[in-house]
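What follows is the residue order along each chain.
2 protein chains.
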Amino acid sequence: MQIRYLSDYSIPRPSLDQGNEEQKKKVKDILEDVRRNGDRAVKKYTAMFDQAELDAFLVTDGEVDKAVSEVDEETWNVLHEAAANITAFHERQIQQSWMTTQENGTILGQKVTPLDAVGIYVPGGTAAYPSSVLMNAIPAKVAGVKRVVMVTPPGPDGLVPGGVLAAARLAGVREIYKIGGAQAVAALAYGTETIERVDKITGPGNLYVALAKREVFGVVDIDMIAGPSDITVLADHTAVAREVAADLLSQAEHGELSQANLVTTSKELAEAVSNEVGFQLEDLPRKEMASTAINEHSAIYVAESLDEAVEAVNRIAPEHLEIQMEDAMEVVGKIRHAGAIFVGRYSSEPIGDYFAGPNHTLPTSGTARFSSPLSVEDFVKKSSIIAYSQAAFIENADKVARFARLEGLEAHARAVESRFSNKKYD
Amino acid sequence: MQIRYLSDYSIPRPSLDQGNEEQKKKVKDILEDVRRNGDRAVKKYTAMFDQAELDAFLVTDGEVDKAVSEVDEETWNVLHEAAANITAFHERQIQQSWMTTQENGTILGQKVTPLDAVGIYVPGGTAAYPSSVLMNAIPAKVAGVKRVVMVTPPGPDGLVPGGVLAAARLAGVREIYKIGGAQAVAALAYGTETIERVDKITGPGNLYVALAKREVFGVVDIDMIAGPSDITVLADHTAVAREVAADLLSQAEHGELSQANLVTTSKELAEAVSNEVGFQLEDLPRKEMASTAINEHSAIYVAESLDEAVEAVNRIAPEHLEIQMEDAMEVVGKIRHAGAIFVGRYSSEPIGDYFAGPNHTLPTSGTARFSSPLSVEDFVKKSSIIAYSQAAFIENADKVARFARLEGLEAHARAVESRFSNKKYD
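So the protein sequences, as listed, match chains A and B. Position 31 of the first sequence, counting from 1, maps to 31 under the working numbering, and the rest follow consecutively. One gets the working numbering by counting positions in the second sequence from 1 and adding 1000 to each.
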């Protein structure tokens, strides 16, 4: 793994894949087809892209029962404990409606309401991700969303991975459709004869899913467009090279475009981690993918001082940040931009991916500058409440009319004044 | 104004204007030009679109001083009081970072951090909107954003409206550039030689500004893409027709595409409001615009029952909702979807536009189904914190490794296990 001096290098960041014009056109055509032709179009694309001929998309209770019964007990217990941890953490994010009252009788406030219906996209293919189900469905459930719908592409046998269905059962998702790709996003956004539209679509997916989500944004809300996964480890001489290297590789195995950086104040650690990465890479099942990520998108940066190292981390705005330093907790306050911060030796990143409780859906590609982890807040929306009393109205009506006229909006001023010149007034 | 029975009609909703391909291409070209050529490109487009030849974009302190001195005292006082109300309301939205500690020593939490830098777009042209400055800048300031930048297009004389500058002074905005359109959005998103890039762009604008914001979304965050303004008044026989009509017209004057609906349980009120609207329209300065909005996009809907009326309102998901009914406050709990809810006779909508305190930037075009008013939350982001203790790690490492292997991610499992097989361990 390459070692560079921070003073000489600016750190490259992978950008979001926006797709090319041809891919965008393809996605737009699918969306339009599903919007017009509903289930018929969804069926067509499911046969075309997933090689599955389905009569109905809905997963039956029987299919879920079967999946649950096939999960071994230990795995079920782990899923169950993870779900409990995720629930407990997200319950802390619940916001209350609030109101303020004024002496003149006016009430102002903010009402928090769960979304009516949410669609969760769960990727299929070779890798099945039960953790995605938990991390998307549980915050929605905790928020109070009544209708949580899951979509996931079927295999050519028309089936959905059992682990995903078991996780759905654990998370309380009861409406599951075997559809995927842009056609699934379209079905969720526009609705079909058998699938009612939702208000928001969350969850990861391939490029076509991402393009489709971007395209329907506005018709429905979306969570975020995820780029390649990334990790930055901020470490000093107290860190253990073997552990740092293993944590870097855990993100590198996500894909060729992943980025795994080490920023360190220790030249010795830099060299030891570089060696360890090479060594550990050798017998990784996903060696090829991880090697490309490490060699083409990642590096070890040596900093002259803690301040220089911290500033580099803030410039990176990593999705995952590990702080493996003496007094690691004291460094947290210096971090302005990071999706999740893992503090200390025992906070290995995968603990957050699966188990600890905070969400694993995090801002990638430097968007931690302005974005947050997926949370309960993503599944509620707010309404302002303004209840002016007669006294407050009489006191302030002229001021409002003056402000409106300053902006040239006469009908706004007259709306307020209409209360004065009416028989029913006073 | 047309009267319809809810039982017979589904209520049409204006959709977001997405622009045509030619407009999108134009915007993309401008963005790309500014990204490559910086100030030179911004200067070129400012001359082209605003007919202003500028040597520098930055508004000087002297220009702001002059603008403030030209505002009459009464107007200044109104602006000042509005700013105080907006500040007080938004201070209620401040969220705290939080942490939970577990007996085994683990700490989990959520850190709230203000964005580093935010750009506020303030439209120019014939109408100057000081209220936009207050409604965008104050939440950013309350959130703790250090750098709040304002951009607004200059007139052909190279000047910016005084009211807008006065509002900027009141809101504490000190970095103001005389640029507008897609070129201003590009300068904020990518940065130029004289304008440092920001992390988020908020504020209303014309179609080109909206298209540019949509295009740079991902490079920076944006607030929302605003559609035409709308209001729905929910009223019974106790409402005053003259006042309801005036409130409907206050939104209709915003533009030809605005929508102003009345949903009422009273046939008599429906007829009276219909007459009043016709009558009051006659001598409105923006009569033409408001007439088009009323005749082509708005209607009065008569409901058989309160429940039917409320259900219609929830289907509309209005930007502004007025409840002009007996026991209006009791109806609030039935409303699931609305940007702002104005309760009772004295809560005329313009009071919320300018003065009461809640934000006037609200979800349009039915997006109140899933979106919220602009708030302090739009100017902060969160980072999860995971600090596992050794005890918690030993207790849970095997479970995490099991979950990782369930998803086929071996390097994730090994990252956790690397803590066990190391000399430094224990």
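Think of the hints as simulated: they come from the structure by calculation, not from any bench. Heads up, some of the hints might be wrong.
[To be verified] Listed next, the in silico BS3-like pairs over lysine-lysine satisfying Cα-Cα at most 30 Å (straight line):
(1) B/Lys-1146 with A/Lys-26
(2) B/Lys-1026 with B/Lys-1111
(3) A/Lys-146 with B/Lys-1334
(4) A/Lys-66 with A/Lys-146
(5) B/Lys-1334 with A/Lys-25
[What the hints assert, rightly or not] Reference excerpt, derived from the structure (chain A facing chain B, CB under 10 Å, subset only):
(6) Ala-52
(7) Ala-56
(8) Phe-217
(9) Ser-266
(10) Ala-328
(11) Glu-410
For glycine and all other residues, C-beta sits at the position ideal for the given N, C-alpha and C.
A quick look at each hint next to the structure:
no.	hint	in the structure
1	B/Lys-1146 with A/Lys-26	violated (43 Å)
2	B/Lys-1026 with B/Lys-1111	violated (41 Å)
3	A/Lys-146 with B/Lys-1334	holds (16 Å)
4	A/Lys-66 with A/Lys-146	holds (25 Å)
5	B/Lys-1334 with A/Lys-25	violated (42 Å)
6	Ala-52	violated (21 Å)
7	Ala-56	violated (28 Å)
8	Phe-217	holds (8 Å)
9	Ser-266	violated (15 Å)
10	Ala-328	holds (8 Å)
11	Glu-410	holds (5 Å)
In summary, the numbered hints that this structure violates are 1, 2, 5, 6, 7 and 9.
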